[in-house]
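Engineer: If you want the building blocks of each chain, they are given just below.
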Amino acid sequence: MLEPSPTTTQVLRRLPSRINAALFLTYLPGLFMLLILLLGIVFVLLNSSTYQWPGGSLIKGEATARYEKQFNEQLAFKESFISTWGIIDYALFKQGRDGVLTGTEGWFFTSEEFTYYADEATALAEKLAYIVQVRDELAAQGIDLVITLVPAKARVYPEYLGRFPMPDYVQARYDLELAALEEAGIKTVDLRPALLKAKSEGQVFFKTDTHWTPLGAKTAAQALAQDLEARGFALPFGESSFATEEAGMMKLEGDLMKFLPLGRLKAQLSPVSEQLPVLSTAQTNLGLFADNSRPVTLVGTSYSADERWNFVGALKESLGMNVLNAALVGRGEVKPMQDYLASDNPVVNKPNLVIWQLSERGFPMPINEEYP
Amino acid sequence: MVFSTHLFLFVFLPLFLAVYYLLPFKARSAWILFASYAFYGWWRVDFLGLFFAVTLWSFIWGKRIASAPTQAIAKRALIIGMIGNFASLGYFKYFNFGLENLNAILQVLGSRPISLWQVILPIGISFYVFQAVSYLIDVYRKDVEAADNFWDFSAFIALFPQLIAGPILRYKDLVDQFKSRSHTMEKFSEGSMRFMMGFCKKVLIADAISPVVDLTLFHATPTMADAWLGAFVYTLQIFFDFSGYSDMAIGLGLMLGFRFKENFNHPYISRSIGEFWRRWHMSLSGWLREYLYYPLGGNRHGQYRTYFNAATVMILIGIWHGADWTFVIYGCIHSALVIRERHWIYTGRWKERPAIIGIASTMFFVILARVLFVSPDIFTAINVYKGILGFYGLGLSSFVAWQISNFQIFMIVFATVFVYAAPAWLKLLDSHKQKSQLQHSFLVLMPLFVLAIAKLSAQAFSPFLYFNF
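Note that the protein sequences, when read in sequence, are chains A and B. So for the first sequence, my numbering puts the first residue at 1; every next one is plus one. So for the second sequence, my numbering puts the first residue at 1; every next one is plus one.
Chain A on its own, in the form it takes in the complex (with noise of 0.2 Å):
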């Protein structure tokens, strides 16, 4: 039997949506596309970087380069675009940008402590020569020297390394910095034992961060302190007392939480939110008559600068005695040292020690490759 056939009716009925729906389709893409263009242009237009223009020869592209350098630097939604993409890298790839590696649990790593160097005996051995020349340099003025070395936070928490476990090449490092230490006859102190002891007792390093905690910083100064006693160093030892004090709770900005450039979701995305403690560490027992001198100096990196650890005040508690901290923040290894004796702090100050806090993921970088 034959169907009946739709009433003219219903045919006009359908067909407009069907050649609407399909044309729709058809024509959905080119739409998009100019949609696309014409916000890009809006924006770009409305931008006061793209109307100046740098100097430089337009014969030979020098112009068009600086220009287009600098109307990607200055995009007016490039934000939002990297933050779109750094939510989609983390959300579904569980990365960051180049710098981070995400391990388990909330915990992430500095690619820096897994770099591989192709000649790193060579810039180990340059270093080695530099800090010779340093000792040498505070020997004759009878200053001591001790290098103590952070170990690679991943060295300190391998379990939450997750798929990225530790290199062959960085198993050995830490030994091998020290073992060339004391080779070179410089006393230098291992603070993995107490570190990966502490561990039980609380996080020694923050999860978002590459620094240790106010506790890791803590346990490193005692066994600091504990091992300068015992190597019969003549400084005054717990001839001042200090004392930490608590002033509430602040919370962590994870430097590693720069890779992960997350924007409005920042909040929602972040895998965990850390705290600390705001110390301070204060003289006990400052008389009328009080000794001010600071028998010790402290040089280092971030680890010893950032007040926010409060190294130098848990090793001025160990030590008791005063520290002078000359320990500089993103300066890398050695310029903090090169300021210090370019100084006339060794001279004014005339410490009997100084401590060189160093650390396993930077002693291997090329002095010329450090940071500025």
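Since the hints were made in silico from the structure, they are not lab data. Positions of the beta carbon are idealized from the N, C-alpha and C atoms, including for glycine. Among the hints, erroneous ones may be present.
[Said to hold, decoys possible] The list that follows gives simulated cross-link-like pairs (lysine-lysine, BS3-like), each with its CA atoms no further than 30 Å apart: (1) K93/B to K60/A; (2) K172/B to K261/B; (3) K93/B to K69/A.
[Said to hold, decoys possible] Chain B residues, not near chain A, derived (Cβ > 12 Å throughout): (4) D46; (5) V108; (6) S192; (7) A355.
[Claimed, not checked] FRET-style restraints, in silico, Cβ to Cβ: (8) W53/A to D176/B: 37 to 47 Å; (9) L429/B to W53/A: 41 to 51 Å; (10) E159/A to T221/B: 40 to 50 Å; (11) D377/B to G106/A: 39 to 49 Å; (12) S361/B to V329/A: 51 to 61 Å; (13) D377/B to A65/A: 44 to 54 Å; (14) Q133/A to L116/B: 38 to 48 Å; (15) F442/B to R66/A: 36 to 46 Å; (16) Q74/A to L443/B: 25 to 35 Å; (17) I367/A to R289/B: 55 to 65 Å.
Dock chain B against chain A, hints included.
Structural biologist: Just chain B now, with coordinates in the frame of chain A:
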């Protein structure tokens, strides 16, 4: 200027299209020409002179060929026209290479090396010179009339969508489209889709996996796993990079109403090297087939002459890509492989193999030869081959494994699946039953395009590999 930049996408392209569609048809070639010169001059204005000279030279000699009273005079005009074009290509592309080799020989002979200037390689020269030469030959063969409008001809040579990395267009294929072409929303939409596809291939895949190549191949002691992984990933990268560029070029052409010929046809499903070259960079292999292989006699003069002709084409393909011994050897290897296949065909030893064996064995040689393509010099290539053979150990180097990101692993797997699933997918799409539904699946490209723009912002500058050629 590069397609996958914000400047192209948000300034050049919208301004160009706005003016293009506001102008009457007659004025559009002039606008294409102006915009294409601005597009090229963004790199360096001084090399526009060379570009213009090649165009003018080819236009003049095209006229002379066409107006020659005898075939002999036309031939002479063709030879002069070709010499001029190839001389500019030879000087700008191969001068440094020639000088380096001459100095190496002089040093061996105990003479002092010659110290001369360094020549800068103009981007896209291999493409536009080949286009110009094809025009002269086509005019000589009377396949096409000599251009009578200099601006249309200049716009053909300069046409910015294909200017710096092809596909290599032929005047005879486009001349009618310069005179008349349609501009419809369907065509614009099709072009937009194609552009988006190319953009995603370039930014989301090729750029993402590119660091894996440097990481695995270019260190002192690549292990067997490093070297094979690097060579394989490079094989994927160059396909997505170059075919992505071609997709963008074809898409932009469609937005302007032009239809360019395809440049790729799923090359990695080829079952022989001969088939590979019929599917990879088809505009180049087609050019060489038409303007070199057939004039040399093709396969019409016996077995050994055929081998010679095929080998000549393959070696020239190698050298066309760059002035280095790596490219010469690359061409020689492909010559040897093509001759081997031809010989098997001549001697009746060629047997149709199961697809999987044919594809795997072809890919094996393609990947091996890619090492020469990616290596900056012959010594690096030798070192990678040592890695491939296991001279430096078997497993992945420990500093390599952790540096390959999850996204890169995903993209390597995705790209591999894409390469082999795409032909089947397109076949399915072509079947009438599913057509309308499957066509709409391409709409997924739109959000991917936005993601690709986002990724572009998040990454540093990403030049195209084929600019070097």
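Engineer: Now, for every hint given, state plainly whether the structure supports it.
Structural biologist: Going down the list of hints, with the structure as the test:
1. Restraint check for K93/B and K60/A: satisfied, since their Cα atoms lie roughly 18 Å apart, inside the 30 Å limit.
2. Between the alpha carbons of K172/B and K261/B the distance comes to roughly 12 Å, so the proposed pair stays at or under 30 Å and holds.
3. Between K93/B and K69/A the alpha-carbon distance is near 28 Å, which keeps this suggested pair within the 30 Å criterion.
4. In this structure D46/B is not separated from chain A by more than 12 Å, as the shortest Cβ-Cβ distance comes to only about 5 Å.
5. No beta-carbon of chain A comes within 12 Å of the beta-carbon of V108/B; the shortest separation is about 32 Å.
6. Here S192/B does not stay apart from chain A, with its beta-carbon only about 4 Å from theirs, under the 12 Å limit.
7. For A355/B, the condition that its CB be more than 12 Å from all CB atoms of chain A holds, with the nearest at approximately 33 Å.
8. Roughly 41 Å separates the CB atoms of W53/A and D176/B, a value that falls within the hinted 37 to 47 Å.
9. As the Cβ distance of L429/B to W53/A is approximately 47 Å, the hint placing it in 41 to 51 Å holds.
10. Between E159/A and T221/B the Cβ separation comes to about 30 Å, which falls outside the hinted range of 40 to 50 Å.
11. Restraint check, D377/B to G106/A: a C-beta distance of roughly 46 Å satisfies the suggested window 39 to 49 Å.
12. For the hinted restraint 51 to 61 Å between S361/B and V329/A, the CB-CB distance of approximately 59 Å keeps it satisfied.
13. The hint said 44 to 54 Å for the Cβ distance between D377/B and A65/A, and at roughly 27 Å that hint is violated.
14. Taken as a hint, the range 38 to 48 Å holds for the pair Q133/A and L116/B, whose Cβ atoms sit roughly 47 Å apart.
15. Separation of F442/B from R66/A is about 39 Å and conforms to the stated range, judged on CB atoms against 36 to 46 Å.
16. In this structure the supplied range 25 to 35 Å holds for Q74/A paired with L443/B, their Cβ-Cβ distance being about 33 Å.
17. Checked against the given bound of 55 to 65 Å, the beta carbons of I367/A and R289/B, roughly 58 Å apart, stay inside it.
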